[in-house]
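**Student:** In the working numbering, the protein residues as written are 1 to 497.
Hints listed in this document are in silico derivations from the structure and should not be mistaken for laboratory results.
Just so it is clear, CB atoms sit at the ideal spot from N, CA and C, and this is done for glycine as well.
A few of these clues could be false.
What the hints assert, rightly or not - Derived CB-CB ranges, DEER-like:
id	residue 1	residue 2	range
1	303	130	18 to 26 Å
2	419	470	17 to 25 Å
3	223	46	43 to 51 Å
4	430	130	18 to 26 Å
5	247	362	15 to 23 Å
6	400	298	52 to 60 Å
7	250	474	50 to 58 Å
8	254	166	47 to 55 Å
9	55	446	43 to 51 Å
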Amino acid sequence: MQTTDLRPCMRWLLTVGVLTAAPLMALADTAKQGYLNPELTRQVDDLFSEWTRPGHPGAALGIVKDGRLIYARGYGMANLEYDIPITSASVFRTGSIGKQFTAMCIALQVQRGQISLDDDIRKYLPEMPQYEAPITIRHLIHHTSGLRGYLVLMGLAGRVGDYFITPTQALELLARQKALNFRPGEKYLYSNSGYFLLGEIVARVSGVSLAEFARQNLFVPLGMNNTHVHDDRNRIVRNRATGYKRLAGGNFKISTTQLEIVGDGSVFTTVEDFLKWDQHYATGKLDNGKGSLLEMVLTTGKLNDGTDMGYAFGLTTDTYRGLKRIHHSGSFMGYIANYVRFPDQAFSVYVFANVSAMEPERLTTAIADLFLQDEYTSETVAKEEQNWQGAREALPEGIALSDSALRKFTGSYYSEELDVVAQLALDDTRLIMELELTRDTLIPVSGKRFITTYANDDAYDLSSRALEFLSDKNDQVTGFLMHADPIFNIQFVKAGR
1 MQTTDLRPCM RWLLTVGVLT AAPLMALADT AKQGYLNPEL TRQVDDLFSE WTRPGHPGAA
61 LGIVKDGRLI YARGYGMANL EYDIPITSAS VFRTGSIGKQ FTAMCIALQV QRGQISLDDD
121 IRKYLPEMPQ YEAPITIRHL IHHTSGLRGY LVLMGLAGRV GDYFITPTQA LELLARQKAL
181 NFRPGEKYLY SNSGYFLLGE IVARVSGVSL AEFARQNLFV PLGMNNTHVH DDRNRIVRNR
241 ATGYKRLAGG NFKISTTQLE IVGDGSVFTT VEDFLKWDQH YATGKLDNGK GSLLEMVLTT
301 GKLNDGTDMG YAFGLTTDTY RGLKRIHHSG SFMGYIANYV RFPDQAFSVY VFANVSAMEP
361 ERLTTAIADL FLQDEYTSET VAKEEQNWQG AREALPEGIA LSDSALRKFT GSYYSEELDV
421 VAQLALDDTR LIMELELTRD TLIPVSGKRF ITTYANDDAY DLSSRALEFL SDKNDQVTGF
481 LMHADPIFNI QFVKAGR
């Protein structure tokens, strides 16, 4: 097990004796047992003050040092209807933090000689198209496949909100895509589709579901008894924290999903269980201490030109203020989470929240600053860290087009790749597009290019969606291409063309 000198940390621990002797069984009361000095406890708790008001959802926090959960606490409510508080035993959906579990399943199959990272994915998923260059398992792991995102494709097709789609339908949707965003290995582009397909590969190779493979090979060996891959929306989950979205005026609504698609997320866990997962990165327990498995999953991928992307097996690796850092975030519907580990300091912090308005990445960074400030070797913070929430690029302003100019774009358009029909019609002086569950106003930014006003506030953000109309030599509209970063060139053909 990796160990670190405790002396730099003594300023925030009451006594080493308290740290080593405190029982792990009473984690829900850790905040009351005094692992930390009162001032640091207050500073940590103050970061969550917004989410301790009555009638608010909140988060569970875990802080780990040298393999011990030195601070675990719940803030806010796990369930607003029954006033159930969050504790370290509350179960949260963790979004894309689940990718590292899928990647570990793949790594185990590689280690056992059942698959190779350089296998063409069509060896296991023959229904996928044969593109100009093969997509390998390695491409999926490191987000360099060029695959279009299935969630964004669903949104482009108007299948938004709590629209139900089965894993089979998601696979069929990806199999209909005639093109990639780029040649495999040329670029890095974060892809939920890639990890969904990795989950499918795990299942097909093992003969059991990803959920069952992870249970047998990850959760049971590590003693993670309250963690599972959630592939059954009707499953009863004891101590589940309900996901919420904050509304205007400060109220909340339940924000959940029927999706049973796994691989890219859908791991449910607790602060207590996640300690065991965090520590396997230090102990190599799943690898019987050999180290080869950990070496594999912590190795970052490279592009075709040799550029290192800093993304390993479901984990980002970089440096923060001079310290090596391993981390990942997760967000889906009413849940949002962040996990960060500083391996050389044997220090980790993670926040699991049940309200999408929370900012776990800001919180974990602030907590790391409190604990590690004396160990930082650089005060330089990357620009993306300073503005980690990001800023939306301003949409171009619209131009005026006459009714006759707009009318030529009306009609029915079919996309084979999305298997959906778009209806475009004039409503007064506005061009309207109806797609399944969405109804958008199209704003012209040039004679043949439009942007949409639609933005779904739960799972899909399509406010940057753009349409580029195509014409024949007689200037008759034949169709359009739809773009929504990070997906481009989805083709719609006009009826009768």
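**Student:** Go ahead and decide if the range 43 to 51 Å is satisfied by the Cβ distance of residue 223 to residue 46.
**Tutor:** violated (33 Å)
**Student:** Given the range 47 to 55 Å, decide if the beta-carbon distance of residue 254 to residue 166 lies inside it.
**Tutor:** At roughly 23 Å between Cβ atoms, residue 166 and residue 254 fall outside 47 to 55 Å, so the hint is violated.
**Student:** Is it true that the C-beta distance of residue 303 to residue 130 lies inside 18 to 26 Å, as the hint says?
**Tutor:** Distance hint for residue 303, residue 130 holds at roughly 22 Å.
**Student:** With respect to the beta-carbon atoms only, verify the hint that residue 55 and residue 446 lie 43 to 51 Å apart.
**Tutor:** holds (48 Å)
**Student:** 52 to 60 Å was suggested as the range; check whether the CB atoms of residue 400 and residue 298 agree with it.
**Tutor:** holds (56 Å)
**Student:** Falls inside 50 to 58 Å, the C-beta gap from residue 250 to residue 474?
**Tutor:** holds (56 Å)
**Student:** Taking 18 to 26 Å as the stated bounds, is the beta-carbon spacing between residue 430 and residue 130 within them?
**Tutor:** violated (42 Å)
**Student:** Does the Cβ-Cβ separation between residue 419 and residue 470 fall within 17 to 25 Å?
**Tutor:** holds (20 Å)
**Student:** Against the range 15 to 23 Å, how does the distance between the Cβ atoms of residue 247 and residue 362 compare: consistent or not?
**Tutor:** holds (22 Å)
Going down the numbered hints, you'll see the structure goes against 3, 4, 8, while the others check out.
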